[in-house]
Amino acid sequence: MHRTREIGTDYFHKVVDCQWACPAHTPVPEYIRLIADGRYADAYMINWKSNVFPGILGRTCDRPCEPACRRGRVEEEPVAICRLKRVAADLKSDVTDRLPPPAAAPNGKRIALVGCGPASLTVARDLAPMGYQLTIFDKDTKSAGMIRSQIPRFRLPEAVIDEEVGYIQALGGIEMRFGTPIDSLQALRGEGYDAIFVGSGAPRGRDLELPGRQEAAANIHIGIDWLSSVSFGHIETVGRRVIVLGGGNTAMDCCRTSRRLGGEDVKVIVRSGFEDMKASPWEKEDAMHEDIPILNFRVPKQFTHENGKLTGVLFEVVEAMFDDKGRRKLVPSGDPDEHYECDDVLVAVGQENAFPWIEKDIGLEFDDGAMPKVDAVTFQSTVPNIFFGGDAAFGPKNIIWAVAQGHDAAVSIHKFCQGQDVAVRPPPGATLVSQKMGIHEWSYDNDVSNDHRYRVPLRDKQAALKDVRLEVELGYDLQQALAEAQRCLNCDIQTVFADKLCIECDACVDICPMDCITFTDDAPDNAQGEGDLRGRLKAPAGNLTQDLYVSGRLTTGRVMAKDEDVCLHCGLCAERCPTGAWDMQKFYLEMTYAGADA
Amino acid sequence: MTYILKPQLHHPKLPTNSLGFTRRDYEGSVSTLCAGCGHDSISAAIIQACFELELPPHRVAKLSGIGCSSKTPDYFLGNSHGFNTVHGRMPSVLTGANLANRDLIYLGVSGDGDSASIGLGQFAHAIRRGVNMLYIVENNGVYGLTKGQFSATSDRGSKSKKGVINHDTGIDMVGLALQMGATFVARSFSGDKDQLVPLIKAGLAHKGAAFIDCISPCVQFNNHNGSTKSFDYVREHNEAVNRLDVIMPRDPIQVDYKSGESIRVQQHDGSILSLHKIAELYNPNNRAQALGYLQARQARGQIVTGLLFVDPSAGDLHDAVGTVDAPLNALNEAELVPGAAALDRINASLR
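Which chain is which? The protein sequence lines are A and B, in order.
Here my numbering is used: the first residue of the first sequence is 1, the next is one more, and so on.
Here my numbering is used: the first residue of the second sequence is 1001, the next is one more, and so on.
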């Protein structure tokens, strides 16, 4: 086998599953340790640098880190990474003096940003300290785009949004023009900006063109528009009986909002099976906790109405069939159609991009699906000084993706404005440092907690359902937060092996609680060799998404092969090693942001 | 030595045996020996062997004397019976326990100081009486607890960590066990679990006095150039005579080797020892040949390992003494106090 140590920093980065899975590659274990240490502001700033909106994301993130978390593979549930992020935001002291100072003088470059959502705000955050003059345009009357308009206040209080957008505004050089929709890209180009960033999101909610749609239009609402109207105070009530169509997170926000605006009989009715719904499992759980049933395998056929007023929705009952290729198809089950009565329908069946304001003749190319052609690495469009990011670039995703893309676009915009090649990307910064403090003493707490995941306390249901602006999740209290933080396995503290020091005494093999380590005969350096090696480890390494750590040949001709899959990073291999062949070393990886590689 | 306990979490696919136990259930408390100690590897091998034999932990009694090796029973089989005796007296205590309760499985764990110096006589007599037990000497050839003096098994001419040459003849525990009549004799190496685990299984299944001399490098005081019990020296001079597979009565019998290359030996409990020959001429059923072979190889500086001698039809001390079949704690009052008629019969037989 190839010696693992000859592979670059990606190897160690992948071991930190949460950080690898995070689009913004936030150094998760490091900030969790800081929380455990009571250093909340330090934990916040690590997040702020990496994901810009710790307080917002700590309440709303889609948390790609948590399904990846190693803890979920060694016991039942992953570490509550997202809600620990909120802890850092909730408990931190004042951080204003830690923010980058405003640029001493403008650098003479002017950038226009279309849309004031997370992608544009991230670009602005990265570019402002370097003296760029940034102008952000938004059709709404307030900042933050979908963060403010689509996420209900009972999940995300307005004060948190204002605080975190405020940190960006405080960097200076940023002008926000609200109530200013851009209706011509050509006209915007004519204003002489050095670069334009389009972060206008996916603003159009999909409609359902079914019989009765027009006739009953007064009581049929597009989910994201309706949520936005609630957010801005234009809608304050809803009918007693509400049906929400759709199975994504927007549908969950719609039904829970309805419960707070007078909806007593609120149902979510979805085409697919419950398991296949797009909504995150915890959002479905939250909806059901608020007495909202989710009915699956029902395809809407018709909006029924009487005298121009909506009376309900008619559904065809279907079931899932799988063809030879395992693709799912919904076919009629043969059961009679079902009619559900209601006063209002909220349509949350997806959202899409819309660029009616981009002229077709200015050289900006679109693909067949009417999406702009955007480079997946540089986020540059076919017009060199126009960049895209967030939902506007590759369709609807989550805030954390918009942030990650904003960082990348900011790198490109800076390079473009400095006359550098945007295709040359700065590598991330990485360090690997021993954590040994004494004979059996490490700079991290290597004792593994046996606690199960702590539930985040909720506000009393009756009180929560009375006020659409009252935050329903209370967040961890200090004791819960510290206990949850202890569940983190410190996957960034890497087990690093030095072939030359090993005497093959087996001490590490014997002590490893997870049977990760094997000394065995070498295998050929190819896929077949790796498969063979994986099969004859002390515990066969069946998780192919997790790498093997393979040493060079040792004195007996064997190699050390470690399966990273379920390593607890407890450091016992290193404590038991008589020669220091094993060492626990902290791998810290930080992305390189705009201007930092100069 | 570690400061934290071994985490309770284990591999999600860790197998269980027919009793529902995982290997981890046969562990004891965390070892306080030096990092890298060979004794810890032997403990791990004992844990693995007991797991594979599917022994109910409460049916095992582990006894030891004094020394680094004799501390180890605390680090395996945490749910078994244990007795830490005075220095060198483990064989007597084990003999007594065995006579009182013949239903338990006896595992004696000792070291070269405990068995070859202060307990040499005890060792010899427990072996020659054929006490049904597995006696493991964790042999590191050094007094580790007292900072590295030569022990009675240190080879003549080997060098201490300080550079002193040993001028005394080393005691060969295997040779001694063969001469004292042990009916199962093996030697192995803590750094070779593939060899050691089957030997422990076979030894535990053996009826009679089973003995394993396990060379176990002392990482702190006897793992240097000039030592004959270091990892490097033992690996370079190790001459295995055979490889052992233990097939329990419940296991499907597989023929691994061509005929002529392996010997099959059935033990009392039905277990089959399948011995794959490595040294062509070595015959593990002949005590006299075994002794000769060992001495010839030793003269060449080789360390012979493997199953060196086995007598599958051996009896034990209970057979020789004619003791009652039940353990003493299971005898009831009627059996213990048989009455005047029985006494009269005994008295009559002696007149």
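There may be inaccurate statements among the hints.
[What the hints assert, rightly or not] In silico lysine-lysine, PhoX-like type, Cα no more than 25 Å apart, as pairs: (1) B/Lys1013 - A/Lys538; (2) A/Lys267 - A/Lys461; (3) A/Lys500 - B/Lys1161; (4) A/Lys267 - A/Lys360; (5) A/Lys586 - B/Lys1161; (6) B/Lys1277 - B/Lys1207.
Just so you know, the hints here were simulated from the structure itself, not pulled from any lab data.
Inset, instruction - Check each numbered hint against the structure and report the violated ones by number, ascending. - result: 4, 5
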